Amino acid sequence: MYDFTGLIQGINKWLHSILPAVAADVVGWILIAAAFLGLFAILGLVLVLAERKIAAFFQLRLGPNRIGPWGIFQTVADAIKLLLKEPVGTNRADSFLYNLAPYFVIIAALMSMSVLPFAKGLHAYDIDIGVFFVIAMSSLGVMGILLGGWASNNKYALLGAMRSGAQMISYELSVGLSILTIVLLSGSLRMSDIVASQSDYWFIFKGHIPAWIAFMIFIIAGTAETNRTPFDLTEAESELGAGFHTEYSGLKFAFFFLSEFVNMFIIAAMGAILFFGGWMPLHIGGWDGFNHVMDFIPPIFWFFGKVSFLIFLIMWFRWTFPRLRIDQLLTLEWKYLLPMNLANILLMAFIVLMGWHL
Amino acid sequence: MKTEELIINPQGKTEEYFINMGPQHPATHGVLRLLLTLDGEIVRKVDADLGYIHRSIEKMTEFDTYRQIVHLTDRMDYLSAHMNNEAVCLAVEKGLQIEVSDRVKVIRTIMTELTRLSSHQLWWGVIGMDTGALTTFMYAFRDREMINDIFEETCGARLTMNYFVPGGLMWDIHPNFQKRVKDFIKHFKTKLPEYDTLLSDNVIFRKRTEGIGILSKEDAISFGVTGPGARASGVRCDLRKKHPYSAYDRVEFKEILGTKGDTFERYRVRILEMWESMHIIEQLIDNIPEGEILEKTKAVIKLPKGEFYQRVETARGEFGANIISDGKKSPYRMKFRSPGFSNLSVIDHLAKGWKVADLVAIMATFDFVIPDIDR
Numbered sequence: 057m058y059d060f061t062g063l064i065q066g067i068n069k070w071l072h073s074i075l076p077a078v079a080a081d082v083v084g085w086i087l088i089a090a091a092f093l094g095l096f097a098i099l100g101l102v103l104v105l106a107e108r109k110i111a112a113f114f115q116l117r118l119g120p121n122r123i124g125p126w127g128i129f130q131t132v133a134d135a136i137k138l139l140l141k142e143p144v145g146t147n148r149a150d151s152f153l154y155n156l157a158p159y160f161v162i163i164a165a166l167m168s169m170s171v172l173p174f175a176k177g178l179h180a181y182d183i184d185i186g187v188f189f190v191i192a193m194s195s196l197g198v199m200g201i202l203l204g205g206w207a208s209n210n211k212y213a214l215l216g217a218m219r220s221g222a223q224m225i226s227y228e229l230s231v232g233l234s235i236l237t238i239v240l241l242s243g244s245l246r247m248s249d250i251v252a253s254q255s256d257y258w259f260i261f262k263g264h265i266p267a268w269i270a271f272m273i274f275i276i277a278g279t280a281e282t283n284r285t286p287f288d289l290t291e292a293e294s295e296l297g298a299g300f301h302t303e304y305s306g307l308k309f310a311f312f313f314l315s316e317f318v319n320m321f322i323i324a325a326m327g328a329i330l331f332f333g334g335w336m337p338l339h340i341g342g343w344d345g346f347n348h349v350m351d352f353i354p355p356i357f358w359f360f361g362k363v364s365f366l367i368f369l370i371m372w373f374r375w376t377f378p379r380l381r382i383d384q385l386l387t388l389e390w391k392y393l394l395p396m397n398l399a400n401i402l403l404m405a406f407i408v409l410m411g412w413h414l
Numbered sequence: 088m089k090t091e092e093l094i095i096n097p098q099g100k101t102e103e104y105f106i107n108m109g110p111q112h113p114a115t116h117g118v119l120r121l122l123l124t125l126d127g128e129i130v131r132k133v134d135a136d137l138g139y140i141h142r143s144i145e146k147m148t149e150f151d152t153y154r155q156i157v158h159l160t161d162r163m164d165y166l167s168a169h170m171n172n173e174a175v176c177l178a179v180e181k182g183l184q185i186e187v188s189d190r191v192k193v194i195r196t197i198m199t200e201l202t203r204l205s206s207h208q209l210w211w212g213v214i215g216m217d218t219g220a221l222t223t224f225m226y227a228f229r230d231r232e233m234i235n236d237i238f239e240e241t242c243g244a245r246l247t248m249n250y251f252v253p254g255g256l257m258w259d260i261h262p263n264f265q266k267r268v269k270d271f272i273k274h275f276k277t278k279l280p281e282y283d284t285l286l287s288d289n290v291i292f293r294k295r296t297e298g299i300g301i302l303s304k305e306d307a308i309s310f311g312v313t314g315p316g317a318r319a320s321g322v323r324c325d326l327r328k329k330h331p332y333s334a335y336d337r338v339e340f341k342e343i344l345g346t347k348g349d350t351f352e353r354y355r356v357r358i359l360e361m362w363e364s365m366h367i368i369e370q371l372i373d374n375i376p377e378g379e380i381l382e383k384t385k386a387v388i389k390l391p392k393g394e395f396y397q398r399v400e401t402a403r404g405e406f407g408a409n410i411i412s413d414g415k416k417s418p419y420r421m422k423f424r425s426p427g428f429s430n431l432s433v434i435d436h437l438a439k440g441w442k443v444a445d446l447v448a449i450m451a452t453f454d455f456v457i458p459d460i461d462r
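Sequence lines, in order, name chains W and B.
Remember, this note's numbering sits 56 above the position in the first sequence when you count from 1.
Remember, this note's numbering sits 87 above the position in the second sequence when you count from 1.
Note that these hints are calculated values from the structure, not bench results.
Small disclaimer: the values here were computed from a predicted structure and weren't measured.
Using N, Cα and C, we set each Cβ at its ideal position, and we do this for glycine too.
Please note: incorrect hints may appear among the correct ones.
List time: in silico DSS-like cross-link candidates among lysine-lysine, alpha-carbon distance up to 30 Å [as the list claims (entries may be wrong)]: (1) B:Lys278 - W:Lys109; (2) B:Lys329 - B:Lys347; (3) B:Lys442 - W:Lys391; (4) W:Lys211 - B:Lys341; (5) W:Lys109 - B:Lys276; (6) B:Lys442 - W:Lys211; (7) B:Lys294 - W:Lys391; (8) B:Lys442 - B:Lys422; (9) B:Lys294 - W:Lys211; (10) W:Lys211 - B:Lys439; (11) B:Lys439 - B:Lys294; (12) B:Lys341 - W:Lys391; (13) B:Lys329 - W:Lys391.
From the derived model, a few chain B residues whose C-beta atoms are all more than 12 Å from chain W [as the list claims (entries may be wrong)]: (14) Ile140; (15) Lys276; (16) Arg295; (17) Gly311; (18) Glu339; (19) Arg355; (20) Leu359.
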């Protein structure tokens with residue numbers, strides 16, 4: 057039910073029937089790229105609005121409510137403002153690196169999005185090292201932040217970038233190891249395999265306690281990876297003004313801003329895929345009637361529902377917690393999360409070895 | 088210098104660098120400029136550069152009448168406007184040798200305690216923001232709004248009230264005043280525990296504040312630190328207890344004293360002071376005596392020759408107003424002792440060796456109002 061494979065293949069066949077083979081492939085790629093850019097823009101707009109509305113909900117405010125019903129066009133207006141804004145840079149900044157940095161961040165975010173399975177068959181690039189690819193791409197994004205802070209010729213930006221470097225390198229480990237814990241269960245790095253192997257139970261139920269621990273570590277480290285409170289030391293507006301993007305304005309600032317939100321989406325999507333079965337409906341082994349009813353909800357709703365829940369969770373953190381200090385942040389990672397994670401992997405390996413996860 | 092020398096210091100020392108914190112910076116809460124010498128993230132030296140909002144209020148007083156001077160003072164520490172007004176009023180009343188009625192004394196005390204509450208509420212919102220929790224600000228403003236409404240109704244203004252005048256009050260309290268104050272106390276008694284659940288008991292906030300920026304009792308005295316910052320170190324400096332003025336001698340309240348003197352202790356003292364302020368208001372609000380609200384004074388007040396000093400306890404510490412009069416309608420010289428100025432001097436001592444983030448937290452616990460420092 058609701059299989060996108062046929063639709064995608066149909067479009068591909070139709071393109072090949074009316075165009076020569078090379079041209080059809082190129083048109084296909086352009087369509088995919090356009091779809092992703094569209095999704096990227098929409099995600100940015102929707103998530104910024106959601107953040108502001110949720111923040112308002114936590115802070116006894118109304119949030120944006122002037123432009124459009126319920127303020128839904130507020131972020132569109134903001135985007136237009138940012139597009140039309142004069143780009144102001146610093147004197148004596150390394151202009152090449154300074155201009156390059158936002159593209160690093162945004163391209164890394166776009167690339168990681170390309171391997172996510174949104175529904176059955178709705179998948180741009182089902183690479184066999186999908187999970188690894190996402191980790192690799194998110195490390196690339198750090199370079200953009202480091203470059204931006206370094207090239208801005210501003211000490212606040214530099215401080216923010218250096219904090220970011222230390223933070224990202226540390227928390228990359230936790231994200232990677234908690235993902236590995238789940239990979240032990242699925243036995244594959246391919247996203248579609250990971251989702252497919254959760255058709256009876258999601259991994260968070262299959263993996264018993266280690267999966268829960270891995271999920272908690274993943275969501276903590278994921279929040280740190282996306283530089284959001286309580287780990288927003290790179291921006292730390294009360295300490296560093298705006299951190300690494302102090303000197304960016306207009307569209308370049310918008311790139312940093314957007315990619316933060318898209319990165320949050322990617323982390324939430326990864327969480328949903330790895331722990332909550334991606335687009336897989338809630339299935340309970342043996343309950344055929346129940347499973348059949350759940351199948352009626354299209355997988356794309358399942359996917360975005362789970363992702364929205366995780367995004368809400370991350371936003372909840374942001375509007376509740378104070379910020380950690382840089383040494384506390386590193387202590388948390390190296391002294392607590394990392395050893396816990398390593399022990400957790402062993403525990404999971406033991407469970408898999410004993411075959412208790414089936 | 089060769090490139091290698093720049094990168095690798097032979098002594099294994101890192102290079103210190105200098106950074107401007109302010110005059111436009113979120114953590115300084117105004118136009119204060121701190122010149123930081125940093126070693127990586129560690130603060131080595133803090134130099135405060137003042138004067139960005141200096142308006143020469145002390146000089147201006149030499150050309151104003153005593154009634155006008157009162158109006159200048161609530162532009163200094165705008166969050167303790169009533170206390171500042173009170174200091175000048177009391178000093179002038181000392182010079183004129185008039186005793187205000189009990190009604191005036193009680194209303195003044197209620198007003199100053201409400202001011203203290205609103206000031207501490209704002210501070211609580213801001214310390215949350217400085218440590219990264221943005222929601223506290225909105226919670227604090229929800230409750231502060233009620234006090235501002237009370238002020239608006241009685242005084243006609245929400246921030247710069249100018250309600251106290253030499254000899255009494257500008258006008259009588261609004262008929263709704265007592266009811267609204269009681270409503271507020273009832274409301275805030277349920278909301279203050281919420282402050283604890285949201286911030287005080289948060290493990291990250293505790294880690295960020297406990298054991299940070301420890302101020303010893305001796306240092307607090309020698310730097311001239313007053314207010315909650317000094318009381319957290321165990322210095323008995325509450326003027327409401329030591330030298331009671333207005334109606335403080337007829338109310339029951341505790342002087343909140345800390346022992347550790349760290350950032351969290353300063354935070355705790357302020358939270359507990361809010362409970363005490365509510366306690367004071369509760370004792371007075373139903374017992375406002377009848378009486379004159381304004382003593383008879385001449386149209387233009389002239390103080391006799393001499394020096395008149397009055398100090399009061401504001402939300403930040405000891406505020407003093409010293410009038411040197413030569414018998415004319417304006418003072419010969421007037422000096423204000425503002426708590427923020429002395430409290431700022433201790434920042435370098437406290438922040439040395441801590442991280443930039445700690446400096447921000449330490450600054451937040453002293454609750455600086457920059458116009459109070461610069462005057």
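For each hint, the structure was consulted:
1. B:Lys278 - W:Lys109: Roughly 24 Å separates the two Cα atoms, so the pair holds.
2. B:Lys329 - B:Lys347: holds, 22 Å
3. B:Lys442 - W:Lys391: Holds: B:Lys442 and W:Lys391 sit about 20 Å apart, inside 30 Å.
4. W:Lys211 - B:Lys341: This hinted pair is violated, its Cα atoms lying about 46 Å apart.
5. W:Lys109 - B:Lys276: holds, 29 Å
6. B:Lys442 - W:Lys211: At roughly 15 Å apart (the allowed maximum being 30 Å), W:Lys211 and B:Lys442 satisfy the hint.
7. B:Lys294 - W:Lys391: With a Cα-Cα distance of about 16 Å, the restraint between B:Lys294 and W:Lys391 holds, given a limit of 30 Å.
8. B:Lys442 - B:Lys422: violated, 36 Å
9. B:Lys294 - W:Lys211: Measuring from Cα to Cα gives roughly 27 Å; hence the hint holds.
10. W:Lys211 - B:Lys439: Within the cut-off at roughly 20 Å; holds.
11. B:Lys439 - B:Lys294: holds, 18 Å
12. B:Lys341 - W:Lys391: violated, 43 Å
13. B:Lys329 - W:Lys391: Outside the cut-off at roughly 49 Å; violated.
14. Ile140: holds, 20 Å
15. Lys276: Holds: least Cβ distance 19 Å, greater than 12 Å.
16. Arg295: violated, 6 Å
17. Gly311: holds, 27 Å
18. Glu339: Given that every Cβ of chain W is farther than 12 Å from that of B:Glu339, nearest at about 34 Å, it holds.
19. Arg355: Given a closest Cβ separation of 16 Å, the condition holds.
20. Leu359: holds, 20 Å
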